[in-house]
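Mind assembling these two chains? They're in different frames, but the hints should get you there.
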Amino acid sequence: MKPERFDPADYFHKVVDCQWACPAHTPVPEYIRLIAAGRYADAYMINWESNVFPGILGRTCDRPCEPACRRGRVEKEPVAICRLKRVAADFKDDVRPRMPAKSEFKNGKRVACIGAGPASLTVARDLAPLGYEVVVFDAEPKAGGMVRTQIPKFRLPEEVIDEEVGYVFDLGVEFRHGHRVESMSAFLAHDWDAVFVGTGAPRGRDLEAPGRKEAAAHIHLGIDWLANVAFGHVTKISKRVIVLGGGNTAMDCCRSARRLGGEDVKVVVRSGFEEMKASPWEKEDAMHEGIPILNYMVPKEFRHVGGKLTGVLFEKVRAEYDAKGRRSLVPSGEPDEFLECDEVLVAVGQENAFPWIERGIGIEFDKWDMPVVDQETMASTLPHVFFGGDSAFGPKNIIWAVAHGHAAAVSIDRMCHGLDPSVRPHPGYSLISQKMGIHEWSYDNAISAQQRLKVPLVENRKALGDIKLEVELGFDVVRAFEEAQRCLNCDVQTIFTEKLCIECDACVDICPMDCITFTADGPEGDLRARLNAPANNVEQALYTSDALKTGRIMAKDEDVCLHCGLCAERCPTGAWDMQKFNVKLPRAGASCRSTA
Amino acid sequence: MTFLPKPKFRHPAIETNELGLTHRDYEGSISTLCAGCGHDSISSAIMHACYELNLPPHRIAKLSGIGCSSKTPTYFLGNAHGFNSVHGRMPSVLTGANVANRELIYLGVSGDGDSASIGFGQFAHSIRRGVNMVYIVANNGVYGLTKGQFSATADKGAKLKKGAVNSDSPIDLVAMALQLGATFVARSFSGDKGQLVPLIKAAIEHRGPAFIDCISPCVAFNNHEGSTKSFDYVREHNEAVNALDFVTERAPITTSYAPGDMQVVRLHDGTFIRLRKVGADYDVHDRIAAMNYISTREASGEVVTGLIYLEDHPEDMHDHLDTVSTPLNRLGDAELVPGQAALDKINAGLR
Ligand SMILES: Cc1cc2nc3c(=O)[nH]c(=O)nc-3n(C[C@H](O)[C@H](O)[C@H](O)COP(=O)(O)OP(=O)(O)OC[C@H]3O[C@@H](n4cnc5c(N)ncnc54)[C@H](O)[C@@H]3O)c2cc1C
Ligand SMILES: Cc1ncc(C[n+]2csc(CCOP(=O)(O)OP(=O)(O)O)c2C)c(N)n1
Ligand code: SF4
Ligand code: SF4
Ligand code: SF4
Ligand SMILES: [Mg+2]
Numbered sequence: 001m002k003p004e005r006f007d008p009a010d011y012f013h014k015v016v017d018c019q020w021a022c023p024a025h026t027p028v029p030e031y032i033r034l035i036a037a038g039r040y041a042d043a044y045m046i047n048w049e050s051n052v053f054p055g056i057l058g059r060t061c062d063r064p065c066e067p068a069c070r071r072g073r074v075e076k077e078p079v080a081i082c083r084l085k086r087v088a089a090d091f092k093d094d095v096r097p098r099m100p101a102k103s104e105f106k107n108g109k110r111v112a113c114i115g116a117g118p119a120s121l122t123v124a125r126d127l128a129p130l131g132y133e134v135v136v137f138d139a140e141p142k143a144g145g146m147v148r149t150q151i152p153k154f155r156l157p158e159e160v161i162d163e164e165v166g167y168v169f170d171l172g173v174e175f176r177h178g179h180r181v182e183s184m185s186a187f188l189a190h191d192w193d194a195v196f197v198g199t200g201a202p203r204g205r206d207l208e209a210p211g212r213k214e215a216a217a218h219i220h221l222g223i224d225w226l227a228n229v230a231f232g233h234v235t236k237i238s239k240r241v242i243v244l245g246g247g248n249t250a251m252d253c254c255r256s257a258r259r260l261g262g263e264d265v266k267v268v269v270r271s272g273f274e275e276m277k278a279s280p281w282e283k284e285d286a287m288h289e290g291i292p293i294l295n296y297m298v299p300k301e302f303r304h305v306g307g308k309l310t311g312v313l314f315e316k317v318r319a320e321y322d323a324k325g326r327r328s329l330v331p332s333g334e335p336d337e338f339l340e341c342d343e344v345l346v347a348v349g350q351e352n353a354f355p356w357i358e359r360g361i362g363i364e365f366d367k368w369d370m371p372v373v374d375q376e377t378m379a380s381t382l383p384h385v386f387f388g389g390d391s392a393f394g395p396k397n398i399i400w401a402v403a404h405g406h407a408a409a410v411s412i413d414r415m416c417h418g419l420d421p422s423v424r425p426h427p428g429y430s431l432i433s434q435k436m437g438i439h440e441w442s443y444d445n446a447i448s449a450q451q452r453l454k455v456p457l458v459e460n461r462k463a464l465g466d467i468k469l470e471v472e473l474g475f476d477v478v479r480a481f482e483e484a485q486r487c488l489n490c491d492v493q494t495i496f497t498e499k500l501c502i503e504c505d506a507c508v509d510i511c512p513m514d515c516i517t518f519t520a521d522g523p524e525g526d527l528r529a530r531l532n533a534p535a536n537n538v539e540q541a542l543y544t545s546d547a548l549k550t551g552r553i554m555a556k557d558e559d560v561c562l563h564c565g566l567c568a569e570r571c572p573t574g575a576w577d578m579q580k581f582n583v584k585l586p587r588a589g590a591s592c593r594s595t596a
Numbered sequence: 001m002t003f004l005p006k007p008k009f010r011h012p013a014i015e016t017n018e019l020g021l022t023h024r025d026y027e028g029s030i031s032t033l034c035a036g037c038g039h040d041s042i043s044s045a046i047m048h049a050c051y052e053l054n055l056p057p058h059r060i061a062k063l064s065g066i067g068c069s070s071k072t073p074t075y076f077l078g079n080a081h082g083f084n085s086v087h088g089r090m091p092s093v094l095t096g097a098n099v100a101n102r103e104l105i106y107l108g109v110s111g112d113g114d115s116a117s118i119g120f121g122q123f124a125h126s127i128r129r130g131v132n133m134v135y136i137v138a139n140n141g142v143y144g145l146t147k148g149q150f151s152a153t154a155d156k157g158a159k160l161k162k163g164a165v166n167s168d169s170p171i172d173l174v175a176m177a178l179q180l181g182a183t184f185v186a187r188s189f190s191g192d193k194g195q196l197v198p199l200i201k202a203a204i205e206h207r208g209p210a211f212i213d214c215i216s217p218c219v220a221f222n223n224h225e226g227s228t229k230s231f232d233y234v235r236e237h238n239e240a241v242n243a244l245d246f247v248t249e250r251a252p253i254t255t256s257y258a259p260g261d262m263q264v265v266r267l268h269d270g271t272f273i274r275l276r277k278v279g280a281d282y283d284v285h286d287r288i289a290a291m292n293y294i295s296t297r298e299a300s301g302e303v304v305t306g307l308i309y310l311e312d313h314p315e316d317m318h319d320h321l322d323t324v325s326t327p328l329n330r331l332g333d334a335e336l337v338p339g340q341a342a343l344d345k346i347n348a349g350l351r
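If you're matching them up, the sequences are chains A and B in order. Position 213 (the first sequence) corresponds to 213 in my numbering; numbering is contiguous. Position 236 (the second sequence) corresponds to 236 in my numbering; numbering is contiguous.
It is worth saying that the hints were derived from the structure and are not from the lab. Just so you know, not all the hints are guaranteed correct.
Within a straight-line C-alpha distance of at most 27 Å, the following computed DSSO-like cross-link-like pairs (lysine-lysine) qualify [as the list claims (entries may be wrong)]:
#1 A/LYS266 - A/LYS142
#2 A/LYS142 - A/LYS454
#3 A/LYS580 - B/LYS162
#4 B/LYS156 - A/LYS454
#5 B/LYS8 - A/LYS14
Just a few of them, taken from the derived set where beta-carbon distance is under 8 Å, the chain B residues facing chain A [claimed, not checked]:
#6 LYS6
#7 LYS8
#8 ARG10
#9 HIS11
#10 PRO12
#11 ALA13
Just so you know, even glycine gets a beta-carbon here, dropped at the ideal spot from N, CA and C.
Only chain B is shown next, with the shape it has when bound in the complex (with noise of 0.2 Å):
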């Protein structure tokens, strides 16, 4: 938390994207969290995938619900669409946005609370209908904004500040995702954003409902040994299937990789993603082996990051409901009220 506006000044060298915007030009207010919050480096890897991608800030909307980690979006991207919906209802705001405009950015920035308690059911719907959005979930195990208590992703047995042990089976988004059909699965950790950030830029390139369940430790309440969305732990136990190179170049890049080593792998637009395998001999295309991979290695301690699963050829809710392509916005009143001869021909068709 700091009362100080953040000073204007910026560094002279400072460089600037394609639409001579600096990083600095996609920032929002200053951050009212606790000092050293993972979640403000997840808004700063945010701004930093949005620069680097050259995206215009008003073509994004952000959406979130409640707690400190859906506090975030007044952080960032200052000059972009906002909604803060009401706790664990962002999925079901950012389906009808969608469903009104599709060219939009949609950016869901929850909790575990928000995603894996209250709202978990509108988690869950807008993962199978397969909404075009990037969903990041910032995830430290507890309610952070109500002052620390478990939240269901608490791993079973980890401790809280004062002693209480969790006695709940802990809900893993991940396995969640992976098994409602979300298109783009990812693990992320707020203290690496070497691996954030090309994972986010991945993550709003892909059409497609893409899922980032993103580790960020609460230091007020959530930082201390015993817990398992530490600092300390999640560096001792991160077991990365992969590192992303996200390349914008429209041809793949030849790299100094040995060939087993690397995959290269298209996205919708063209652009493509270089992944570094490290360790495991590990598919990202394989969703069953995906889920299989994540619980043997989970049950054994480890925290698996990247890239887990990715659909080459996603197809998002328009194409499911035949919608019309122009954003409503942009329709004027006859197509929007057709009237009712229109009306008594959908009726009509119904009998």
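Next comes chain A alone, as it looks inside the complex (with noise of 0.2 Å):
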């Protein structure tokens, strides 16, 4: 079942199932073996390359690449690979030496980004080094976006926002604060080479009931509260308070409402729970603050006495699912259900808008008043304009964010040197055999029982009581090199070479993990039915050879491998080996024009 065309590039890419999954591609075993070897300086830059905020992310990222770790199918949970990133951060030392100087040399070229919000400070990063004039535009004082006006202090301090900035602009980026764009027109006046948008989602969606009008007093928009409260202009909060909204948004406004007085502070969600849109460690940080989370009720009507809110009438549902496993909320006929309370912040979702971009200048809107935005380019319908972050497909996170800038910053580099931005040069790759000795390799190859560590919390008590005060500690040292040896170190990928096989069978009897066979070769849907474990993650692939001497092929089915190097260890001819496979992603500069 050799495929066609067999892509090592990609093809080992997508075994490191976390790097992979992480949308800007964060060599993350290479990052935490050096976390486990304690070079936490080295471990930061690496993913400073990657994604421009490890600190911040270290804290805050979604981190869609904990779901895709292989430890989650091998043992019960993911390597903590967010917070492996928080600890490269913190335990660091001064890192100025090793960041790209303020370019001497000027290309000419003058790239305007709109919004100071990760997605720009991603472009910034990439173009100042070389050569670019890059000019950041934001509304607000101080650069950072919804990252530093709503994200609450209590995760992300305001240090570690002011410092992983701070190095963007130290690369010679100029910033214009407080300005806000309000014509986009007149602002493609100015000849900019390139203009880059990262204004964000900055709406918040309402919910209308009756009394919402008359008690808008005692209701607030939740992302427009939290930006409040970062500036300091709200600080407290009422006794009773209900959050609407099941998202991250919602969670981070009721651990707000808990630190600022607020002593009854629930969450009420249309959905059920597990649909919440909350990440479950989120909803877990609410719930361990004493905060409960009702769900499946709607909001029906906001009570008031003359505009005093006493609180929200529920309707209750329950879900039914049609034959197509789509999901209605339909009402389950019990009775409505009327709690108090004092203030309400609703957090039922975010929207783009764009009041400031003239329609019929070139840049195309659809019919849902969002910009026409390629995926891959990130370019707009106006050649020179490109689009990234929230502002591009709608609200989603710091991550993707920075990997919208890193691809719009290709597109202007090409663009910017004459090349087409939508030919995407093919990422490179290397293989390097880790072989020391006869069973001795420059990875740590032991299999670590050790499950998943906690990070430790400051107590309830001291947290609730200070809003500014990081409710997480962080991993020390030795949990953290604990917490790193269950990295299965999925980038040292096991290779095999089909003209030393003796087929001795040695690599399938100590596989601990039954992932090699030598059998019949067929096509793929057969071949995995028949493997000596069944191969039933599609996702994952097949690695298989060319017909050996008996006529058999080996397939390995990726899916549980522990990299353990046993398979290597155990060959005697050495037809496998354990090599560390590292990808080169193009970027802005030399790497992404070269046509190769």
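Structure representation (structure tokens):
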């Protein structure tokens, strides 16, 4: 079943589940090994290259890598990839000498970034060292976007934002703060070589229900309220608070409310608890702070006495699924429930808004009033205008904003060099043997049985008393080491050389996970069913050889391989080798301009 | 050789047998043999056979002598009984153990040096006595453990790595076992688990002396060109007389094979093996024909593998000796030490 064209760069990248799942393709196992070795600054820099904000992301990332992590399929829980990133940021020494120097060379190209969120800052970080003159505009006095204005300080201390935003501006990026761009057509008249729009999804969705207008003084839009908290305009809240909505914004609202005087704070969601948008760990953190989450309740009416809110009336619903598995919420028939409260925070979604971009200037908008943006190049329909972050495809998260920023920077760099941005160079790669001796490898191939460690927290009594006090203490170096040792080193790949194989079965016999089979060739589906252990996870590739001496092939299911290297230790001829894979993704600069 | 303990993690969808055990519950400690040694594949085949037969490991006794092959019982069935005897003495220890407790399954694991040189006499007598056991010789044609001298099974003319040629005649353990009255005789190859696992299963189910000569390349000293026990040589000269499907169901399964190509053999416990004949029209029930057949094929350089001989109504040592069926460890003092009066009676009977 050898595929027509075996593409090693993609094939082996995909085996590194975490890196493949990371929108910015951070080389996770590499930095985890460096953390285990106590080389925190090196680990930090590897992150910084890929994701620009290791300290910020190490506390706040949505972590698409963790559900993808192979460890989660081998044992109960994935490696704590995200919180290990924070370890690199916490324990590194001064990394300023390792940062690229301000570019002496100027290439004469001027790039504007509108909005100073993570997307724009990534574009600026990628382009400034290449000699671009990058100017970042933001309506706010400080850069960081929603990372600064929305994410509560008890999750992300201000100093961390200052530090990492600072590294970007240290590269010679100009920041025009307090500058709201009011007209795109006027802005474009300034003859920018490229314009990047990273203005986010700034508008909180409201909830229309009787009493909303009358009790308006006691009902706040979550994201506006959080911004007011971040700026210090809001410093307290009533004792009884209801938060409506089930996303991460709702979790930040309720936890902030608990810290500003809310004693009886509840989250109420329409859907079931399981289907809530908030990440499981955010829900856990909220509940740990004494916040109940009530589900299957739809707000029906804001009750008030002369404009003073008394509570919210909810209709009770249950989930029903149609033949296609689509869910609808139908009344359960139980009586409505009235919950008393003094204030409500509405966190039911975020929207984009581009009142400042005139229609008809070449930037097309679709029927949902979203700009038409190319998924790969981030280009709009106006060739030198690019979008990224939440402004491109609606609200996502920081790491996606960073990934968009990288992609847009590549497009801009190619365009400014007269190359077609829609042509993307293929990634390069290297594979390097890790063999040091007969059974010695340059990585630690012993498999730790340690279960996932929990990040220690500040005790509730203290945490709830100070909205600026970071609630997570982070791993100390000992825990960081133990957690790092859980990583299976998925980038150290099992590489098979057919012509060396004598079919002695030694690898099959030793493999603890029954990954390897020698069998007759066949189409993939059939092969999957015939392996020593069923290869049911079709998301995971089969690594197959050409025909061997006996006419059989070697087929390895990548799914639960521990990368323990025992197959290679047992192979008498070196037909198996453990080789470290490194993908070289094209980034703005020479690597994206080569035509290879 | 590996220094790491084998990780405890196992495939999340790993199957279990009727006892709720996975094949990994049949492992022993990690092997210290050379990487790629055929003996490790035999260990693996034994583990799979026991797993598939749903055998509780603690009902098995594994016995061995000295040699790389004789070290292997440490690397499988960690929860079974084990006895590592002196060189070549496994058959006697096994016989003694079997006399004392006939309820265990006896697995004798030996090498060609252990069985065809120093232990040749022991091998012969355990077979001719009809001890109920599975006797596996991991046959690599050399003394692996002592760095690769020719053993007594090395073919005349075979070459050592550095060029020394064997001038002595080889002992064919299969021919010996046939002649000595083994009731189950097979030959297989460590590189062909598809053949080896069902053979081991059938041998375990067989009640009587079951002998398996398993060619097992020594990758360190006897896997070069000029060797007749190398992976390449055995693969090129392998002449399988049949292929085995081991069927645990208690009724023969009708299969899609043409009747002349199939032979269904019933074992003592009611299980069946299906033999698919390959090549020659070979009858596993004819001891003399079997001896002839292997001699002629081997004279023309072929290595005959498969189930070579099977006695349908085997007898075992206990039948001959009329021993007590209860294991000695379950008999009380009264039965074991019947006293002076009983001894006097026996002595009187011998006068
Ligand atoms: C409460 C809350 C909590 C969140 N928590 C997390 C989290 O824990 N982890 C995570 O990954 N993501 C989180 N997010 C999402 C994350 O903040 C965003 O996805 C991310 O910041 C988007 O980055 P961006 O670069 O697209 O723009 P933004 O961060 O939205 O920044 C846009 C910037 O553009 C400026 N701007 C807008 N219009 C103009 C204009 N016309 N002129 C000049 N400037 C303008 C704004 O002032 C703003 O500073 C959270 C979001 C919210 C609301
Ligand atoms: C009484 C005695 N004589 C000699 C030896 C030395 N010796 C150890 S192993 C061995 C030969 C083993 O050969 P084989 O049974 O074929 O095992 P292999 O290592 O080839 O698997 C010999 C002669 C010994 N241990 N004890
Ligand atoms: S085990 Fe390590 S390398 Fe593998 S997916 Fe998880 S974090 Fe990545
Ligand atoms: S590295 Fe080799 S032995 Fe280890 S789990 Fe993967 S395939 Fe099996
Ligand atoms: S010396 Fe030969 S028989 Fe002994 S372990 Fe090594 S390969 Fe196996
Ligand atoms: Mg030997």
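Do the hints match the structure? See the list:
This hinted pair does not check out: A/LYS266 and A/LYS142 have alpha carbons roughly 32 Å apart, beyond 27 Å. Of the supplied pair hints, the one linking A/LYS142 and A/LYS454 is violated, its CA atoms being roughly 33 Å apart against a limit of 27 Å. Between A/LYS580 and B/LYS162 the alpha-carbon distance is near 37 Å, which puts this suggested pair outside the 27 Å criterion. In summary, the hint linking B/LYS156 to A/LYS454 is not supported, as the alpha carbons are separated by about 67 Å, beyond the 27 Å threshold.
A threshold of 27 Å between alpha carbons decides the hint, and for B/LYS8 with A/LYS14 the separation of about 25 Å falls inside it, so the pair holds. The closest approach between the C-beta of B/LYS6 and any C-beta of chain A is roughly 5 Å, which is under the 8 Å cut-off, so the hint is satisfied. Taken as an interface hint, B/LYS8 checks out: its beta carbon lies about 6 Å from the nearest beta carbon of chain A, inside 8 Å. The beta carbon of B/ARG10 comes within 6 Å of a beta carbon in chain A, closer than 8 Å, and the hint placing it at the interface holds.
The beta carbon of B/HIS11 is positioned within 8 Å of a beta carbon in chain A (closest approach about 4 Å), and the interface hint is therefore held. Given hint, B/PRO12 at the interface with chain A, holds; its Cβ is 6 Å from that chain's nearest Cβ, closer than 8 Å. With its C-beta approaching chain A no nearer than about 6 Å, B/ALA13 sits inside the 8 Å limit, and its interface hint holds.
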